[in-house]
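S.K.: Residues per chain are reported as follows:
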Amino acid sequence: DAGVIQSPRHEVTEMGQEVTLRCKPISGHNSLFWYRQTMMRGLELLIYFNNNVPIDDSGMPEDRFSAKMPNASFSTLKIQPSEPRDSAVYFCASSLSQSSYNEQFFGPGTRLTVL
Amino acid sequence: AQSVAQPEDQVNVAEGNPLTVKCTYSVSGNPYLFWYVQYPNRGLQFLLKYITGDNLVKGSYGFEAEFNKSQTSFHLKKPSALVSDSALYFCAVRRDDQGGKLIFGQGTELSVKP
Numbered sequence: 182d183a184g185v186i187q188s189p190r191h192e193v194t195e196m197g198q199e200v201t202l203r204c205k206p207i208s209g210h211n212s213l214f215w216y217r218q219t220m221m222r223g224l225e226l227l228i229y230f231n232n233n234v235p236i237d238d239s240g241m242p243e244d245r246f247s248a249k250m251p252n253a254s255f256s257t258l259k260i261q262p263s264e265p266r267d268s269a270v271y272f273c274a275s276s277l278s279q280s281s282y283n284e285q286f287f288g289p290g291t292r293l294t295v296l
Numbered sequence: 008a009q010s011v012a013q014p015e016d017q018v019n020v021a022e023g024n025p026l027t028v029k030c031t032y033s034v035s036g037n038p039y040l041f042w043y044v045q046y047p048n049r050g051l052q053f054l055l056k057y058i059t060g061d062n063l064v065k066g067s068y069g070f071e072a073e074f075n076k077s078q079t080s081f082h083l084k085k086p087s088a089l090v091s092d093s094a095l096y097f098c099a100v101r102r103d104d105q106g107g108k109l110i111f112g113q114g115t116e117l118s119v120k121p
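Those protein sequences? They're chains A and B, same order as listed. If you use the numbering used here, the first sequence corresponds to residues 182 to 296, in order. If you use the numbering used here, the second sequence corresponds to residues 8 to 121, in order.
Don't read these hints as lab results, they were simulated from the structure. The beta-carbon is built from N, C-alpha and C at its ideal position, and this holds for glycine as well. Every clue listed holds true.
Below 20 Å or equal to it, Euclidean Cα-Cα: the simulated SDA-like pairs (lysine to any residue) are: (1) A:K205 <-> B:N48; (2) B:K76 <-> B:A12; (3) A:K259 <-> A:E225; (4) A:K205 <-> A:L227; (5) B:K108 <-> A:P242; (6) B:K56 <-> A:Y282; (7) B:K108 <-> A:S239; (8) B:K65 <-> A:Y282; (9) B:K108 <-> A:G240.
Taking beta-carbon pairs under 8 Å as the criterion, some of the chain A residues facing chain B (in silico): (10) G223; (11) L224; (12) L226; (13) Y229; (14) D237; (15) F272; (16) Y282; (17) E284; (18) Q285; (19) F286; (20) F287; (21) G288; (22) P289; (23) G290.
Okay, chain A solo, but in the shape it has when bound (with noise of 0.2 Å):
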């Protein structure tokens, strides 16, 4: 299995534009985790999703950041417009369901620079 795939692996942006970030979880695997990660804040859950259904999103930043799964495959995240604190590393995982034993298998990330 090629693992968690995510495209683009580096984004940069300017302010104001739309961001879509794209991952492709294992094949099987029936829960999709979209996390962010930077130096000041560390790795923040942004939302889940279980059987494609978002689950908790609590950790949205605010309404300009979306989540979609439009089937087992494939999830975006998007970000309109984009904001410079918006830099920041995103990932994907995903793991077998949603229980809480089993780990979680991430992306490589997409590296996200807003200017």
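Given chain A, put chain B in place with the hints provided.
M.R.: Below, chain B alone, put in the same frame as chain A:
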């Protein structure tokens, strides 16, 4: 509220010496505990987990961790450090009734010198 603390931002160890990366947690109910490692410009990789049973858990790359309920700790250990172990290590906790949500510590930078 759940929380995880990694009291050391950085740990320095000489190659061949034992290493310990500390983690304490605060959670009501039964905790599920995890260690992950992050190499530069990479995603997090799962190392090991404690769910139930034996308090000493063995994981990848020769790492192990000991669950101590009375001290609410889950320290990561390795008997003999390698230079290639140098990375950022994260402890994480999940409560048994909260499904997928993992709470991560702030991370500990491990540096192993030859």
